[in-house]
Amino acid sequence: MVARVAGVFNEQLTEAIANSKILVVGAGGIGCEILKNLVLTGFPSIEIIDLDTIDVSNLNRQFLFHKEHVGKSKAQVAKDSALSFNPNVNIIAHHDSVISNDYGVSYFKQFNIVMNALDNRVARNHVNRMCLAANVPLIETGTAGYAGQVELIKKGLTQCYECQPKAPQKSFPGCTIRNTPSEPIHCIVWAKHLFNQLFGEEDPDQDVSPDTADPEAAGDAGASALSAEGNTAGNVERKSTRSWAADTNYDAEKLFTKLFGDDIRYLLSMENLWKKRRPPTPLVWDNLPGKDDAPIQHSGLPDQRVWSVHECAQVFASSCSALQKDLKSRPEGDHLVWDKDERSAMDFVTACANIRAHIFNIPLKSRFEIKSMAGNIIPAIATANAIVAGLAVLRAQSILKGEIENCTSVYLRPKVNHRGQLFVPERTLTAANPKCYVCAPKPEVGLACNLKALTLKDLTSAFKEGLNMQAPDATVEGKGLVVLSSEPGETDHNNDKTLEQIGLNDGCALLVDDFLQNYEVRVRLQQEDEEKSWRLVTDADTPMPAPKEEEKSANGSNGGSSGNDPKPGPSRPKEDSESDMEIVEEDDDEPTMKPPKRRRTAMSDEVVELC
Amino acid sequence: MVENNEMELSEAEAEQYDRQIRLWGLESQKRLRAAKVLIIGMNGLGAEIAKNVILSGVKSVCLLDNEKLKEIDLYSQFLSPPDKIGENRAEASVQRAKALNPMVEITTETKSVDNLTDSYFTQFDVVCATGLKQEQLERINNACRDSNKKFLCGDVWGMYGYMFADLVDHEYSEEIVQHKALKRGPDDTEKTARETVSITVKRRAIYVPLQNALSVDWMNPEMRSRLRRGDPSYFVMKILLRFKDEYNRNPDPSKRKEDTAILLRMRDEIVKELSLPANFIVDALLQDVFGTVSGAAAVIGGVIGQEVVKAVSQREPPHNNMFFFNPLKCVGFVELYGQ
Ligand SMILES: [Zn+2]
Numbered sequence: 001m002v003a004r005v006a007g008v009f010n011e012q013l014t015e016a017i018a019n020s021k022i023l024v025v026g027a028g029g030i031g032c033e034i035l036k037n038l039v040l041t042g043f044p045s046i047e048i049i050d051l052d053t054i055d056v057s058n059l060n061r062q063f064l065f066h067k068e069h070v071g072k073s074k075a076q077v078a079k080d081s082a083l084s085f086n087p088n089v090n091i092i093a094h095h096d097s098v099i100s101n102d103y104g105v106s107y108f109k110q111f112n113i114v115m116n117a118l119d120n121r122v123a124r125n126h127v128n129r130m131c132l133a134a135n136v137p138l139i140e141t142g143t144a145g146y147a148g149q150v151e152l153i154k155k156g157l158t159q160c161y162e163c164q165p166k167a168p169q170k171s172f173p174g175c176t177i178r179n180t181p182s183e184p185i186h187c188i189v190w191a192k193h194l195f196n197q198l199f200g201e202e203d204p205d206q207d208v209s210p211d212t213a214d215p216e217a218a219g220d221a222g223a224s225a226l227s228a229e230g231n232t233a234g235n236v237e238r239k240s241t242r243s244w245a246a247d248t249n250y251d252a253e254k255l256f257t258k259l260f261g262d263d264i265r266y267l268l269s270m271e272n273l274w275k276k277r278r279p280p281t282p283l284v285w286d287n288l289p290g291k292d293d294a295p296i297q298h299s300g301l302p303d304q305r306v307w308s309v310h311e312c313a314q315v316f317a318s319s320c321s322a323l324q325k326d327l328k329s330r331p332e333g334d335h336l337v338w339d340k341d342e343r344s345a346m347d348f349v350t351a352c353a354n355i356r357a358h359i360f361n362i363p364l365k366s367r368f369e370i371k372s373m374a375g376n377i378i379p380a381i382a383t384a385n386a387i388v389a390g391l392a393v394l395r396a397q398s399i400l401k402g403e404i405e406n407c408t409s410v411y412l413r414p415k416v417n418h419r420g421q422l423f424v425p426e427r428t429l430t431a432a433n434p435k436c437y438v439c440a441p442k443p444e445v446g447l448a449c450n451l452k453a454l455t456l457k458d459l460t461s462a463f464k465e466g467l468n469m470q471a472p473d474a475t476v477e478g479k480g481l482v483v484l485s486s487e488p489g490e491t492d493h494n495n496d497k498t499l500e501q502i503g504l505n506d507g508c509a510l511l512v513d514d515f516l517q518n519y520e521v522r523v524r525l526q527q528e529d530e531e532k533s534w535r536l537v538t539d540a541d542t543p544m545p546a547p548k549e550e551e552k553s554a555n556g557s558n559g560g561s562s563g564n565d566p567k568p569g570p571s572r573p574k575e576d577s578e579s580d581m582e583i584v585e586e587d588d589d590e591p592t593m594k595p596p597k598r599r600r601t602a603m604s605d606e607v608v609e610l611c
Numbered sequence: 001m002v003e004n005n006e007m008e009l010s011e012a013e014a015e016q017y018d019r020q021i022r023l024w025g026l027e028s029q030k031r032l033r034a035a036k037v038l039i040i041g042m043n044g045l046g047a048e049i050a051k052n053v054i055l056s057g058v059k060s061v062c063l064l065d066n067e068k069l070k071e072i073d074l075y076s077q078f079l080s081p082p083d084k085i086g087e088n089r090a091e092a093s094v095q096r097a098k099a100l101n102p103m104v105e106i107t108t109e110t111k112s113v114d115n116l117t118d119s120y121f122t123q124f125d126v127v128c129a130t131g132l133k134q135e136q137l138e139r140i141n142n143a144c145r146d147s148n149k150k151f152l153c154g155d156v157w158g159m160y161g162y163m164f165a166d167l168v169d170h171e172y173s174e175e176i177v178q179h180k181a182l183k184r185g186p187d188d189t190e191k192t193a194r195e196t197v198s199i200t201v202k203r204r205a206i207y208v209p210l211q212n213a214l215s216v217d218w219m220n221p222e223m224r225s226r227l228r229r230g231d232p233s234y235f236v237m238k239i240l241l242r243f244k245d246e247y248n249r250n251p252d253p254s255k256r257k258e259d260t261a262i263l264l265r266m267r268d269e270i271v272k273e274l275s276l277p278a279n280f281i282v283d284a285l286l287q288d289v290f291g292t293v294s295g296a297a298a299v300i301g302g303v304i305g306q307e308v309v310k311a312v313s314q315r316e317p318p319h320n321n322m323f324f325f326n327p328l329k330c331v332g333f334v335e336l337y338g339q
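Going down the list, the protein sequences come from chains Z and S. Under the UniProt record's numbering, the residues of the first sequence are numbered 1 to 611, in order. Under the UniProt record's numbering, the residues of the second sequence are numbered 1 to 339, in order.
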């Protein structure tokens with residue numbers, strides 16, 4: 001179309017567009033807009049991949065979808081709608097995850113440009129690696145509310161998506177969640193954990209009962225007396241919250257009494273915790289605040305009204321019974337997955353979070369607010385997506401025109417900066433971090449762990465979660481010994497052995513590779529007795545000596561990123577404040593991948609540290 | 001000013017607008033729901049503005065256009081299907097416009113703006129004009145101004161674009177985020193947490209009409225000092241408005257060579273008239289002004305769409321009063337002209 005009308009573009013660009021092939025990853029808010037622009041401009045050959053189906057809450061911005069499309073494949077409907085703008089274009093739609101053996105390096109190599117319109121870091125990291133391996137320019141996009149950005153990633157020319165460590169996901173110490181919540185979010189995290197304990201995938205790191213190992217409670221004069229009592233209470237816990245609940249047949253009153261009465265009384269007995277804090281108040285099922293209140297006049301959305309504790313208890317009872325029914329209807333061993341858009345699941349978390357908040361004298365929140373926090377919803381609007389997608393396609397045109405060196409990152413600011421700029425381009429391309437463990441010529445990274453405690457299974461998850469690999473293989477450098485194989489069964493028998501038991505020691509290096517990503521990294525093992533899990537050390541040099549206390553608290557155990565490594569930052573913002581904008585996530589939806597399990601990303605959006 | 005009608009949102013509205021209510025709040029959404037918007041010019045930019053405004057959930061949108069759909073429109077005008085070439089552009093766009101959001105009323109007007117009285121324009125809360133000549137824009141702007149109605153206009157030429165806004169006397173609220181140290185207790189030993197508190201302040205912005213913004217005196221020292229900042233986008237707009245005025249059309253891709261020569265001549269005239277530095281408006285800027293490039297229409301349409309939302313919802317500072325997109329640098333900026 002346009003490219004074929006002589007005169008809109010110069011001949012060279014017209015020609016380049018006519019011969020181009022573009023991959024769009026993601027058919028959400030930005031993906032729909034990108035697809036529209038490409039099709040109208042006359043890009044003749046486009047593929048689009050998206051795993052998702054259409055939801056009502058997409059319709060305020062994902063304009064290729066209408067009400068009648070709810071529940072259908074985003075990629076397919078986007079294709080059909082876009083073709084109606086220009087039937088002469090060839091679009092191939094894949095209702096699929098981009099993280100798949102079907103989309104290997106050779107698949108990526110057939111495109112002139114890959115455009116990312118994703119909503120999660122896991123997929124972004126993966127596409128980053130595929131484009132590096134295939135040596136294809138990647139245009140990475142994202143918006144959050146009014147803000148957004150467009151960034152070019154090209155091997156050898158710019159930094160990659162993983163060059164700068166991303167801010168670790170927000171984390172809360174386990175003892176804050178279990179013993180001493182002080183903010184609404186602590187209660188919400190606890191409520192989501194409770195959901196998993198009762199109906200979801202049980203995770204030992206998501207215990208909801210009082211944590212007797214809380215260091216603050218230790219040294220308590222009454223600790224020994226307590227532990228006697230603790231044992232009986234503790235024994236009940238050991239039985240697992242789920243089977244205890246099942247034994248009571250999910251009786252709302254009994255569950256309530258245990259969670260919001262007995263457990264709170266137990267916490268009260270850990271007196272050290274309450275010396276400087278306001279102690280919690282246990283609740284009694286049939287005498288709850290708000291029971292006799294007359295209904296109050298409420299303006300605003302129904303979900304924006306804050307429920308009384310009495311109402312919360314009623315919702316607790318009804319949602320429990322609905323969820324139990326759902327669980328029962330599933331095959332043995334199956335479990336529920338918490339979803340902010342499932343009414344009962346969201347009701348349950350709202351009710352439990354608020355009841356707990358009341359107990360700890362924390363302000364109660366509406367279901368509307370709790371949904372934002374629990375579901376990690378990033379607001380999204382049509383205009384910001386349109387602007388970012390427009391800029392992304394203009395950048396794609398520049399690349400095809402042979403002006404890739406001019407394609408610096410552009411930020412859409414929520415408000416103009418001091419120079420009146422709303423779209424702020426960087427002055428230069430940002431060079432790659434030479435220590436990047438993904439795009440450096442010889443990628444290398446340290447893995448700090450306790451070799452006596454970390455098992456091979458843990459190591460696998462370190463590679464998957466920490467290094468974002470899909471199917472890692474690992475051999476010992478210099479020896480060729482296979483430690484970990486992605487072939488099912490080959491190394492599984494070692495899963496529960498510690499690294500020490502399989503002969504790995506401090507300073508030893510592993511060559512770890514992911515076949516699909518065509519990515520290999522040298523991983524140096526560093527013995528740290530106190531490391532409870534594992535932590536990546538991304539600076540190739542030994543970390544500079546830092547003040548002792550700070551190092552301790554900074555390291556914590558929320559590894560996965562070296563954001564805490566004290567190193568002179570090579571490429572922090574220039575004079576303008578705009579360049580420090582975080583890479584923003586496009587959408588509110590859960591990651592398209594099943595979130596990795598264990599410690600670090602317990603529910604894909606929050607992290608629980610062990611005390 | 002758009003009145004917030006006190007009717008509560010229906011469940012369907014709450015569901016569909018959830019992600020934006022979480023950004024701009026329920027009050028804004030209610031104000032949007034009461035707003036009547038006129039969009040003049042169903043070219044690529046008009047279609048982008050219409051899409052954004054309809055998706056936002058206003059009460060009604062009227063699409064005004066007296067031109068017929070041409071093939072070249074299809075390269076950016078996605079609301080009209082290819083098989084409607086030859087039909088009126090507003091009417092050809094209705095069906096898809098309605099499908100974007102069935103909760104918004106869509107109407108059309110096929111008369112030329114010259115055949116409509118001032119009172120026609122002032123029945124709307126916001127008027128967005130594209131594709132008109134300078135005198136037409138000024139006339140509609142003044143009519144809106146006299147009735148205290150919001151007026152925006154803009155155009156996209158190739159990859160280049162601008163927007164102008166006259167919100168007359170505009171009151172709005174702005175959320176300001178403050179950081180506060182947070183202490184949990186008197187002897188809190190934990191690292192001091194920081195709490196962000198947002199407070200809402202009321203503000204007011206005074207606008208000037210388009211004719212003031214377009215007749216700036218560049219001999220004025222304050223204006224001349226702006227030249228040092230070096231972005232010539234304002235003058236690109238002047239050149240293109242002059243082209244439209246003289247030739248009654250936009251630069252035509254099929255006459256790229258001849259029209260480029262005209263544009264360069266006009267550039268030289270303007271440089272002389274306003275005593276601008278030589279080479280201030282580089283040739284390259286006048287080479288990407290043919291047709292409507294879809295990406296640029298999306299960008300300018302996104303900016304104008306968001307300004308309509310701000311104008312109606314009276315929330316967040318609106319741009320005062322001109323926005324330019326310079327495609328050579330990929331920069332978009334706001335400047336105040338004519339005050
Ligand atoms: Zn890198």
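Be careful, since some hints might not be right.
[What the hints assert, rightly or not] From the derived model, a few chain Z residues whose C-beta atoms are all more than 10 Å from chain S:
no. : residue
1   : Arg61
2   : Ser308
3   : Lys415
4   : Asp513
[What the hints assert, rightly or not] Below, computed lysine-lysine pairings styled on DSS-like, alpha-carbon distance capped at 27 Å:
no. : chain 1 : residue 1 : chain 2 : residue 2
5   : S       : Lys98     : Z       : Lys67
6   : Z       : Lys401    : S       : Lys98
7   : S       : Lys180    : S       : Lys202
8   : S       : Lys98     : Z       : Lys415
9   : Z       : Lys415    : S       : Lys180
10  : S       : Lys180    : Z       : Lys401
11  : Z       : Lys21     : S       : Lys329
12  : Z       : Lys67     : S       : Lys329
13  : Z       : Lys328    : Z       : Lys166
14  : Z       : Lys170    : Z       : Lys415
15  : S       : Lys36     : Z       : Lys415
16  : S       : Lys180    : Z       : Lys276
17  : Z       : Lys401    : S       : Lys202
18  : S       : Lys255    : Z       : Lys415
Just so you know, these hints were derived from the structure itself, not from any lab. Heads up, the beta-carbon is just placed ideally off N, CA and C, and yes, glycines get one too.
Comparing the hints with the structure gives:
1. The non-interface label for Arg61 of chain Z is inconsistent with chain S: the shortest C-beta to C-beta separation is roughly 6 Å, within 10 Å.
2. Once the 10 Å rule is applied to beta carbons, Ser308 of chain Z is consistent with being away from chain S; the minimum gap is 21 Å.
3. Chain S draws Lys415 of chain Z into its interface by the beta-carbon criterion, the shortest separation being 7 Å against a cut-off of 10 Å.
4. Against chain S, the non-interface label of Asp513 of chain Z holds: every CB pair exceeds 10 Å, the least being about 38 Å.
5. Taking the CA atoms of Lys98 of chain S and Lys67 of chain Z, the gap is about 12 Å. The hint holds against a cut of 27 Å.
6. Note on Lys401 of chain Z and Lys98 of chain S: the hinted pairing is violated, with a Cα-Cα distance of about 37 Å set against a maximum of 27 Å.
7. As the CA atoms of Lys180 of chain S and Lys202 of chain S are separated by approximately 21 Å, the hinted pair is consistent with the 27 Å bound.
8. Under the criterion of a C-alpha separation no larger than 27 Å, the hint pairing Lys98 of chain S with Lys415 of chain Z is inconsistent with the structure, at around 31 Å.
9. Between Lys415 of chain Z and Lys180 of chain S, the direct Cα distance comes to roughly 22 Å. Compliance with the 27 Å bound is thereby established for this hinted pair.
10. Taking the CA atoms of Lys180 of chain S and Lys401 of chain Z, the gap is near 49 Å; set against the 27 Å cutoff, the hint is violated.
11. Annotation: proposed proximity of Lys21 of chain Z to Lys329 of chain S holds, straight-line Cα distance about 25 Å (limit 27 Å).
12. At most 27 Å may separate the alpha-carbon atoms for a hinted pair to count; Lys67 of chain Z and Lys329 of chain S exceed this at roughly 39 Å.
13. The hinted pair formed by Lys328 of chain Z and Lys166 of chain Z fails the criterion: a straight-line CA distance of about 41 Å is larger than 27 Å.
14. At most 27 Å may separate the alpha-carbon atoms for a hinted pair to count; Lys170 of chain Z and Lys415 of chain Z meet this at roughly 26 Å.
15. Only pairs whose Cα atoms come within 27 Å are accepted, and Lys36 of chain S paired with Lys415 of chain Z is accepted, the gap being roughly 26 Å.
16. Using a Cα cut-off of 27 Å, the hinted pair Lys180 of chain S and Lys276 of chain Z holds, with the two alpha carbons roughly 22 Å apart.
17. Restraint check for Lys401 of chain Z and Lys202 of chain S: the C-alpha separation of about 47 Å exceeds 27 Å, so the hint is violated.
18. Between the alpha carbons of Lys255 of chain S and Lys415 of chain Z the distance comes to roughly 39 Å, so the proposed pair goes past 27 Å and is violated.
The structure shown violates the earlier hints numbered 1, 3, 6, 8, 10, 12, 13, 17, 18.
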